[in-house]
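Asks: Fit chain B to the supplied structure of chain A, relying on the hints for placement.
Sequence lines, in order, name chains A and B.
Just so we're aligned: the first sequence equals residues 45 to 130 in our numbering.
Just so we're aligned: the second sequence equals residues 45 to 130 in our numbering.
Worth flagging that the hints you see were computed from the coordinates, not collected in a lab.
Note that the Cβ used here is the ideal one computed from N, Cα and C, for glycine as well.
Misleading hints may appear alongside valid ones.
[Claimed, not checked] Straight line, CA to CA, 35 Å or less: simulated DSBU-like cross-link-like pairs of lysine-lysine: (1) B:K85 - B:K55; (2) A:K55 - B:K85; (3) A:K55 - A:K85; (4) B:K55 - A:K85; (5) B:K85 - B:K64; (6) A:K55 - B:K55; (7) B:K85 - A:K85; (8) A:K64 - B:K64; (9) A:K85 - B:K64; (10) A:K64 - A:K85; (11) A:K55 - B:K64; (12) B:K55 - A:K64; (13) B:K85 - A:K64.
[Claimed, not checked] Here are some chain B residues pointing at chain A (derived, C-beta under 7 Å): (14) A51; (15) V78; (16) S79; (17) V81; (18) M106.
2 protein chains.
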Amino acid sequence: MARVVVAVMPKPEILDPQGKAVMGALPRLGFAGVSDVRQGKRFELEFEGEVTDAVLDEVRQMAETLLSNPVIENYTVTVESAEVRA
Amino acid sequence: MARVVVAVMPKPEILDPQGKAVMGALPRLGFAGVSDVRQGKRFELEFEGEVTDAVLDEVRQMAETLLSNPVIENYTVTVESAEVRA
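Okay, chain A solo, but in the shape it has when bound (with noise of 0.2 Å):
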């Protein structure tokens, strides 16, 4: 068992709305020195077998296709829990 992750965040060119909010809320709830906020998703994939790099290659093209809009987002694939062969 193998968790692969998808993190899609909106490009620096873009407007987050959200982020904004977010930024926009911080000093009303009494937090203050955070300079920017972004928000974007975050996908865990869990896969059955051992993540080889056919593996992640799909993923990058799960990513392109269906997990991000890449006219408007970036996003980076990392493993999180590989499995560990004895």
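Replies: Just chain B, lined up with the frame of chain A:
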């Protein structure tokens, strides 16, 4: 400049319709091998100064009061790019 990431995911016992929708779409798009998908949120908070333990405590408070709903969601706080001091 340092970045702290707050990842907010639905608790395991909570239904996740967005994740289920992704899970249902994957085979239709020709992707196989994924046994489960969960969808959550990712917040990137930028700080001007150093990320001290006090800052991380404050981020945990933000996560509990504003960024997540502790009844149905779990969160994790990670420092992504700590400021390097010469």
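Asks: Take the hints in turn and mark each one as holding or not.
Replies: Hints, verified against the model:
Under the criterion of a C-alpha separation no larger than 35 Å, the hint pairing B:K85 with B:K55 is consistent with the structure, at around 12 Å. For the proposed pair A:K55 and B:K85, the alpha carbon gap of about 16 Å is at most 35 Å, so the pair holds. For the hint pairing A:K55 with A:K85, the CA-to-CA distance comes to about 12 Å; that is within 35 Å, so the pair holds. Distance hint between B:K55 and A:K85 is fulfilled; the C-alpha atoms sit about 16 Å from each other, no more than 35 Å.
Straight-line distance between C-alpha atoms of B:K85 and B:K64 comes to about 15 Å, which keeps the hinted pair within the 35 Å bound. Our distance criterion of 35 Å between C-alpha atoms is met by A:K55 and B:K55, whose separation comes to about 28 Å. In summary, the hint linking B:K85 to A:K85 is supported, as the alpha carbons are separated by about 4 Å, within the 35 Å threshold. Using a Cα cut-off of 35 Å, the hinted pair A:K64 and B:K64 holds, with the two alpha carbons roughly 28 Å apart.
Pair hint A:K85 plus B:K64 holds up; C-alpha atoms about 15 Å apart against a cutoff of 35 Å. Among the hinted pairs, A:K64 with A:K85 is consistent with the structure: their alpha-carbon atoms are about 15 Å apart, no more than 35 Å. Using a Cα cut-off of 35 Å, the hinted pair A:K55 and B:K64 holds, with the two alpha carbons roughly 26 Å apart. Under the criterion of a C-alpha separation no larger than 35 Å, the hint pairing B:K55 with A:K64 is consistent with the structure, at around 26 Å.
With a C-alpha separation of about 15 Å, the suggested pairing of B:K85 with A:K64 holds against the 35 Å cut-off. The beta carbon of B:A51 comes within 5 Å of a beta carbon in chain A, closer than 7 Å, and the hint placing it at the interface holds. Hint on B:V78 holds. Least Cβ distance to chain A is approximately 5 Å, under the 7 Å limit. Using the Cβ-Cβ criterion of 7 Å, the hint placing B:S79 at the interface with chain A is satisfied: the shortest such distance is roughly 5 Å.
Of the supplied interface hints, the one on B:V81 holds, with its beta-carbon coming within about 6 Å of a beta-carbon of chain A, less than 7 Å. Residue-level restraint check for B:M106 holds (minimum Cβ-Cβ distance to chain A is 6 Å; threshold 7 Å).
Figure legend: structure checked against the earlier numbered hints; every hint is met.
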